[in-house]
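Q: Protein chains in written order, with the numbering used here: chain Z, 4 to 427; chain V, -7 to 313; chain F, 3 to 174.
Keep in mind that the hints were calculated from the coordinates and are not lab data. Among these hints, one or two may not hold up.
[Stated by the list, open to error] List time: in silico DSS-like cross-link candidates among lysine-lysine, alpha-carbon distance up to 27 angstroms:
#1 Lys81(F) to Lys46(V)
#2 Lys194(V) to Lys241(Z)
#3 Lys22(F) to Lys4(V)
#4 Lys171(F) to Lys4(V)
#5 Lys81(F) to Lys68(V)
#6 Lys154(V) to Lys171(F)
#7 Lys207(V) to Lys245(V)
#8 Lys258(V) to Lys278(V)
#9 Lys171(F) to Lys39(V)
#10 Lys16(V) to Lys153(V)
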Amino acid sequence: MKRIQINHGRIIDPANGIDRIGNVYIADGKILSVASRPDGFDADIQIDANEQIVCPGFIDLSTRLREPGQSRKATIKSETLAAASAGVTTLCLQPDTMPVIDAPAVAELIKDLAEKAGYPQIHPIAALTQKLEGTELSAMLSLKQAGCIAVGHANEPVKNLLILRRAMEYAASHDLLLMLRPNDYWLGNNGCAHEGALATRYGLPSIPEAAETIALSQCLELAELTGCRVHFGQLSCKRSVIKIQQAKNDGLRVTANVAMHQLHLTENDMTPFDSAYHVLPPLRTEDDKQYLRLGVAAGTLDGICSDHQPHDLDAKLGAFPETEPGISALETLLPLLLKLVADGALTLPEGVAALTSKPAEILGLQRGALTPGLPADVCIFDPKAQWRVDADHWRSQGANTPYWGQTMQGLVTHTLQAGRVIHS
Amino acid sequence: MSAILQLTPEGKLKHFLTIEGLDKSLLTEILDLAESFAGMSDQQVKKVPILRGKTIVNLFFENSTRTRTTFELAAKRLSADVLSINIATSATSKGESLLDTIRNLEAMFVDMFVVRHALSGAAHFIAQQVAPHISVINAGDGQHAHPTQAMLDMFTIRQIKKDFAPLKVAIIGDILHSRVARSEIVALNALGVTEVRVIAPKTLLPAHVETLGVKVFYNLNEGLKDVDVVMMLRLQKERMSSALLPSESEYFKCFGLTEDKLKLAKPDAIVMHPGPINRGVEIDSKVADGPQSVILKQVSNGIAIRMAVMAMAMQPQGTSA
Amino acid sequence: MNPNHIDIPELIDQLADRLKTIIAERKLTNPLLIGIRTGGVWIAERLHQKLQIQEPLGLLDISFYRDDFSQIGMNPKVKPSQLPPQLEGRDIILIDDVFYTGRTIRAALNEIFDYGRPNQVVLAVLIERDGRQIPLAPDCAGIRIALNPGQRIKLTGPEPLSVHVELVKGAA
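I would like the entire structure built from these sequences, with the hints used as guidance.
A: And the structure:
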């Protein structure tokens, strides 16, 4: 295993409260020191991190890599390349693959494909119910043993609360975390836009924020009842943040994340009927966006995810309501984080924490920090470098991003995963 | 942004997708041109050769005999070659994507598409995808817009009331699902009427509807006071089965336009309806056939407006002499 | 002759005389007078009086029949033509103010023939100028003039009628 020395970067390691210029020493795939040079350390590789930031590799709480089953859209190989170039060293994979991750064989297949792609740190999220149909429990223990890090339900509804209760009780009995995007199927009413002024103008079938907040409330009650640990994903509105804060105040063991694009885009940013802005949950109001930002700063929202959903061209070509929702979001994760910092919504260490130490805590991973002894997952980035979102720079197989053609600031120069350079 | 898509750099009409983004002078131009064409209807020769040699395709993904035939007639009166294609949604889901359908027709040297589709934004999407020389006219997309209907209604109002400025207009019915209502509201406000009102039960009003520039009434008697123009919307039967309304008779009791209710409006108020009418549900037969009703005028104005819009959108692009 | 010294009433008198001759020569029966908007109508109104024709004057608007639609597009304020419903077999006297390229008359003839097949059409114009582009010609003209390149001649009215020569904008 190579010995690596990262020189003179600004080390930001929120887990250990570090924010200073210094060197990082790596050997045997682990962090050796971020303070003084270990005796007799002789680097095989020296990385110059002058004027750059050195932080733990990012941990992404929600992504889709489209394999198995939808390789028309993307593959584990293409998307892990994108992830590596984005400084992401750990990915959580949503269960709505084809077939769904409801059998250990599927989880094992994914882990296998991950190894083959040279990116072993993919953590499948198991489906809570079989086929994500919301009726029968999946074999959660076997799935956990096959390497699934949590259970979840992707975008599918669990329409029956009794089943959700039982599923949560079962998950709790195996100490499994439930990662849920709260959405009431009936109130959502097959909408594609936020129920507000814009959807009214454009005549778009709409989703009230109550669809999220009601489902959230129900699940919070069930979390209290069942003792299941729940992590709520991709929250989109102010009232959801308030409910999470209330739940935490009441001592409930819940956490939450928000998708990066929800911290930047609102319904007003949508160019009319542009499917690049078609996402679920939908882009809501400026008020919601500001409150989500406050939520991250206050720690109510524990982490930020990319909610990466690459699509083939056809998925986005059609009248808005018939296009598939989702943004290819890995590679804009860092620039958008830096924009949050530039806007004054977060400090840089707070931002890094939302992508590293906090997700690690949520998932119970010994990662997301540059603690000596931990695997060396490191991200080195130039906060000033500008680059254009276009075919020359984009690695994801999905070009579906509203930022296409725009210039971004913030570029990852090196990514290390367990001490191996996976991007440079 | 809709203006950017619909207009040429010189501000001329290229596509006609929505009233949004079009200013009063352009809307007035459309009305004036339609007036020229309207004068032709009672003549022996109803055709003009303006669009001779051009091919117009009516692409109807949603069934509609009435709108389709008026577009056909309008195109023929401009001497264009017309092709009407009725694509039932089930066929599309089995076969071609929306985009493929367009591409195949483009390959046959088409100059203009008139599109009706069940999904909002379909016309915008098609306008963005077609070859640069092709124009797109929106004949109704989902719940978003039905701009030619709005224009023919504006034309009818102008014929009778002459000036838009002092008018109070009430739109009654299922605003939530109505592309006609949305286009009417934008057009009325762009043309500078005094007030636009919507009158409906809460279940049939979209969220934040006031942001469209309307005053909201849940009570017909209140909403009709002093109104110059009453626009009725059609109530579809599906609304009962999706728990939006209890029954047609209850709806008629609260929101149906009867002779008595009409008396609350101004004595010279006109009654409009985009059709087809549900007699005894949203409107009483006596009113629909009565002296204040201009429903048939709307129908005959439909051809002139569509001729105007097609002629304007088919205009040459690029620098003019 | 200097275009700015044209005596219009005199020209109209001359045209009326000339038309009386043609009506006799070509045996026009119950001729229908049609003026082309707008200048032609002003001339036609005066001829209509002088020739003492009973039947109302026909008004022709050729905007929809212009051959340059694909270059310059639509003029929104168009009044519809006013012609009797049947022109089949009629003798027509078509009147315009200025005959120049011939395209206006071609458009007018196209429109007239859409109404029916006339027996004959006689064309009378106040001013015939150089610059023909279509092989058509008036049967009688009040005056023939040649203009310099870049010049255009216009009739203004309806009261008083007068003729102006002006430079075309953007002419070389």
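Q: Run through the hints listed earlier and report the numbers of any the structure violates, in increasing order.
A: 3, 6, 9
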